[in-house]
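K.L.:
Sequence:
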Amino acid sequence: MSSAVSTPKTDTVKLTINGLAVEVPHGTTILEAAKAREIEIPTLCYLKKLNPIGSCRVCSVEVEGTTGPVMSCNTPVVEGMGVTTDSDKIAKFRQDMIRFILVNHPLDCPVCERSGECSLQDRTFDFHVKEQTFFTTDHQKVKMVDWGVLRYDQNLCIMCERCVRICDEVQGVTALKIDGLGNDAKINTQDGEPLDCDFCGQCLSICPVGALNSGIVFNARSWELTKTESVCPHCAVGCSYHVDVKNNIIARISSNDDIGINTGNLCARGRFGFEAYQSNERLKTPLIRTGVDQVQTSWEVALAETVDKLKAIKETNGPDSVAVIASEKITNEDAYLLQKVMRAGLGVNRIETLSNMRNGALNAGLFDKFGASAPVTSYEEIEKAGCFVAFGCDMEKENPVIANMARMVMRDKGTNLYVANSRNVAFSPDPKARVRYEYGSEALLVSALISAKGKALKEAAKVSGVDEGAITALADAIKNDGAPLIFIGKEICDHPRSVDIVSALLNLANELGGSALLYREYSNSQGVNDMGLSSENFPGYLKVADKTAVSHFSDEWGVELDTFKAGSGDIFGDLAVGKIKGLLVVGVDPATHYPDGQFALDAMANADFVAVTESFVTETTRLANVVLPSAITVEKNGTFTNNEGRPQVVRQAVTPVGESRAEWEIFNDIGTRFGMKLSYDSASDITCEIAETVKGYEKLTMSKLAWGDDVVNYPAKRGKTSKLKFDASHLVLPDMKKYPYIALTGNTLFHLDSLSRASEALNNIEPQTFVEVSPEDAEREKIADGEEVLVESSAGSIKAVAHVTERSPGGVLFMSKCFENRPALSLMKRGEHVLTVRFKKVRSS
1 MSSAVSTPKT DTVKLTINGL AVEVPHGTTI LEAAKAREIE IPTLCYLKKL NPIGSCRVCS
61 VEVEGTTGPV MSCNTPVVEG MGVTTDSDKI AKFRQDMIRF ILVNHPLDCP VCERSGECSL
121 QDRTFDFHVK EQTFFTTDHQ KVKMVDWGVL RYDQNLCIMC ERCVRICDEV QGVTALKIDG
181 LGNDAKINTQ DGEPLDCDFC GQCLSICPVG ALNSGIVFNA RSWELTKTES VCPHCAVGCS
241 YHVDVKNNII ARISSNDDIG INTGNLCARG RFGFEAYQSN ERLKTPLIRT GVDQVQTSWE
301 VALAETVDKL KAIKETNGPD SVAVIASEKI TNEDAYLLQK VMRAGLGVNR IETLSNMRNG
361 ALNAGLFDKF GASAPVTSYE EIEKAGCFVA FGCDMEKENP VIANMARMVM RDKGTNLYVA
421 NSRNVAFSPD PKARVRYEYG SEALLVSALI SAKGKALKEA AKVSGVDEGA ITALADAIKN
481 DGAPLIFIGK EICDHPRSVD IVSALLNLAN ELGGSALLYR EYSNSQGVND MGLSSENFPG
541 YLKVADKTAV SHFSDEWGVE LDTFKAGSGD IFGDLAVGKI KGLLVVGVDP ATHYPDGQFA
601 LDAMANADFV AVTESFVTET TRLANVVLPS AITVEKNGTF TNNEGRPQVV RQAVTPVGES
661 RAEWEIFNDI GTRFGMKLSY DSASDITCEI AETVKGYEKL TMSKLAWGDD VVNYPAKRGK
721 TSKLKFDASH LVLPDMKKYP YIALTGNTLF HLDSLSRASE ALNNIEPQTF VEVSPEDAER
781 EKIADGEEVL VESSAGSIKA VAHVTERSPG GVLFMSKCFE NRPALSLMKR GEHVLTVRFK
841 KVRSS
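The numbering of the sequence shown is UniProt numbering, which starts it at 1 and goes up by one.
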């Protein structure tokens, strides 16, 4: 037997870089090892969130024992390696690489969009490339390709491949490819046709030169722009971006990989929807109704009318005769001050959002219902998850940036994705397993996933349309991976049995040591609930009927509050029968965003007085007695709290359009007129008060908020999870003889609300309501892709463009809901929970 002692293998590698000792984990590249010791190696094609490309060779270094330069971006370190990052030989090599790139690169810098922020410009300067020593035959310029919001200039392209790779690895669309070889190589679409993709602009954002551009050069140069870091208002993810401004006009939206939770990723709405911010459709002055007409008026008159009418109605008819319907897009500061002014100033507690009116248990009642299991989870769990389960969730369409986060973890860690949906939703790369269930069987299916045996399994297979073997295989796979992160999408949130389904999914997650994330809809859906925009709750989810909570806010606000009675939430019903006579609508249009919008309009029209704060003309502003023009996100300061419960700072980048004001300023003026002693000079004054008075927000300093460094410490989440009760029975569907199709509704990649619909760029991509139809249903109804159809229900009808797609199974349609001229939710009758429809081709007259 040998007496030699083996040396145990370690998890790290020791090497030297420029004579400095470095120790890094196995698999680390030379470039990453250098960064760990704060040694800078220049790059051009390298991007941290992509796998190494190695097309430019600018990052090359010397390695002892090799004969030539070695690319640092894709070469892993080895034990004892000696690296030199800067020498005369390497400097000459890098100069030559830049010269090669510049051989056919036109020096159009004075008219190039990237001039001043061009990586090729920077490297040419850094490497002191003062003359060209390489020459080629005359290179003919080619015409720029116009793809709408994007343009491609082959003449400027350096073939770094970043755009191709980010579209594949991060966005999962694979819309681009490289065509040709050598000097003839170019970026092209997969089929050579005009670009048809997610239009996220990722390729534009990471192009190191001006090859992919948006045409901003005609409006501003990079060095003329003032950049303001803020938070995107287009959904609940909470993406950080920069608002780039010249002369108080927004020129573009840009992003930075090193800032925010989104690592530079944005969707089409976030990157290209900025035209809406300063749209000509914006409301610019207060309006007041005189007879049948609305006329411009002063803020003084508009505020006096609003306060006098609301006070008079309350004094005559009692506190329940006045109500507030508020948006989920206003800031925490707006929301906090709104409820404070209404409760402490007017003595009114009927305050709701449309989501709370439709499904309070998943909104203001979330922590009451689910306690420590509540599906509010930090995005950091995406990195830690054992697997992903997308249940009733169209990840790529609902929240594409969260899909990007998951996709990168799948690439880097091999994390598996499992998909369960009533439609054939897509995800790239393909999930490890997917099941398509029958709508209405969700709770039963989850119950079977938990037990995967016996009666529950057999019943689930019978009702869901998923065979027993597939259910068992899916359950086993999730359990083997462990610690699932379950993404719960809008299909579940809008489901009549949503609470049961969510309870079942939380039990599944808890049993396997995982967690769940409920997809919110708007930029501050979580925050407005935290701030008490509910007739059930004060800020911090303290109960309005609880004497201790009343005492707490009486002390904090310096008034003697009454113990409020929680309202029914049915504000439209009470408006319709005259119980509510005065209404304040804050930044939302129920006609478009609430089922049976016509009933909502008629109910609001029945009120004695309606005041509306809004940024755009809507059906609701048209019926109002007073319209107060409100500032948009880029025009004010404050905070949003995103999906995961992370408060982030919203910063003002431009002055408000016309005479519009931030909502907190409007409510400050209203409160003062109610007789309150308010002393807020800025939104940050309210932020500080929130940190002092709202449970869960106590430790959020301005510094933490500025960097988005912490999530809210919700008291309900501090306890232990417990098993939740739920009804696993199958949903009984309505009689579908007359209306034989189930219609699901939702937002799209390009539209959410009036803000996105005011963007010309987004409207050019998606101009109208569409309905997704399965090929077999289209054939049955004799419908072709792209034809206009009439979709009818028991409540009415709207026209839409048919998209014939395998995404929809037979008998199930999907409709975009966010166009006010054709609102899909208007097809749902008040009190209905499942929308059933029929459709037919619109005959040309």
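Read the hints as simulated data drawn from the structure, not as lab findings. All values reported here derive from a predicted model rather than from experimental measurement. Hints are supplied without guarantee of correctness; some may be wrong.
Each computed BS3-like pair below joins lysine-lysine, with the alpha-carbon atoms no more than 25 Å apart [what the hints assert, rightly or not]: (1) K141 / K92; (2) K130 / K309; (3) K186 / K141; (4) K738 / K579; (5) K432 / K413; (6) K547 / K695; (7) K384 / K48; (8) K246 / K227; (9) K565 / K311; (10) K143 / K130; (11) K458 / K432; (12) K35 / K89; (13) K782 / K799; (14) K369 / K89; (15) K89 / K141.
What follows is a list of derived Cβ distance ranges for each label pair [as the list claims (entries may be wrong)]: (16) V577 / D308: 30 to 40 Å; (17) A784 / K565: 48 to 58 Å; (18) D179 / K704: 42 to 52 Å; (19) K704 / K89: 15 to 25 Å; (20) K704 / A91: 26 to 36 Å; (21) P76 / G658: 55 to 65 Å; (22) D562 / G454: 45 to 55 Å; (23) D257 / F218: 22 to 32 Å.
All residues carry an ideal CB built from backbone N, CA and C; glycine is no exception.
K.L.:
Each hint needs a verdict: does it hold in this structure or not?
P.N.:
Structure-based check of each hint:
1. K141 / K92: violated (29 Å)
2. K130 / K309: Given that 25 Å is the threshold and the Cα spacing comes to 74 Å, the pair is violated.
3. K186 / K141: holds (12 Å)
4. K738 / K579: violated (36 Å)
5. K432 / K413: holds (14 Å)
6. K547 / K695: With a Cα-Cα distance of about 16 Å, the restraint between K547 and K695 holds, given a limit of 25 Å.
7. K384 / K48: Holds. K384 to K48 sits at ~19 Å (cutoff 25 Å).
8. K246 / K227: holds (9 Å)
9. K565 / K311: holds (19 Å)
10. K143 / K130: Distance ~29 Å between K143 and K130 Cα, so the pair is violated.
11. K458 / K432: Answer holds: K458 to K432 is near 23 Å, not above 25 Å.
12. K35 / K89: holds (21 Å)
13. K782 / K799: Answer holds: K782 to K799 is near 16 Å, not above 25 Å.
14. K369 / K89: violated (67 Å)
15. K89 / K141: The hint is violated at about 34 Å.
16. V577 / D308: 30 to 40 Å: violated (25 Å)
17. A784 / K565: 48 to 58 Å: holds (56 Å)
18. D179 / K704: 42 to 52 Å: holds (48 Å)
19. K704 / K89: 15 to 25 Å: For K704 and K89 the Cβ distance comes to about 48 Å; the hint is violated.
20. K704 / A91: 26 to 36 Å: Given range 26 to 36 Å: violated, Cβ gap about 43 Å.
21. P76 / G658: 55 to 65 Å: holds (58 Å)
22. D562 / G454: 45 to 55 Å: holds (53 Å)
23. D257 / F218: 22 to 32 Å: Given about 27 Å between the Cβ atoms, the range holds.
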